[in-house]
Amino acid sequence: MFFKRIVMLGVTALSLGTAGVALAQPVDAHAATSIPSRFRHTWQGNSHGTLYTLKIHKYYGRLHQSSEWNDYLNNVHFKKYSKNHYRVYFKKTAQPLELYYVNSHKVHLVYGPGRHAYISMSRI
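Per mature numbering (1 follows the signal peptide of the UniProt record, and there is no 0), the sequence shown runs over residues -24 to -1, 1 to 100.
Don't read these hints as lab results, they were simulated from the structure.
Where hints are given, some of them may not hold.
[Stated by the list, open to error] With a straight-line Cα cutoff of 25 Å, these simulated DMTMM-like cross-link-like pairs (lysine to aspartate or glutamate) come out:
1) K34 - E74
2) K56 - E44
3) K31 - E44
Construct the entire structure; sequences and hints are all you get.
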């Protein structure tokens, strides 16, 4: 009987401990998509006089657009579609972009309908 009480007390403490850990997680932790390490680099491409630099971290990225007249820095997050295909979402309301992994030195940042309008970005 005493052993049964000890075991039940241990199980209860363990379940409360894991519930406390679950409650300590941020609310939107499940929404973050982890990017594989093959994507996590700084990529750079040029299109129509604008230099695009995409720096990818584990859960987010920064897209820097710089031209002769303006500079924009956008924080982005990702959603996985397939092994080598991610959708890039901006924090503000904007049309999402698509990111395709071509090889270890090149990704395509698709900004138009279909896969025809894209920026070829090289790893730096």
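- Task: With a cut-off of 25 Å on the C-alpha distance, tell me whether K34 and E74 pass.
- Result: holds (17 Å)
- Message: Can you confirm whether the C-alpha distance between K56 and E44 stays at or below 25 Å?
- Response: Distance ~33 Å between K56 and E44 Cα, so the pair is violated.
- Would you mind confirming whether the straight-line C-alpha gap from K31 to E44 stays at or under 25 Å? Roughly 21 Å separates the two Cα atoms, so the pair holds.
Of the numbered hints stated above, the single one contradicted by the structure is hint 2.
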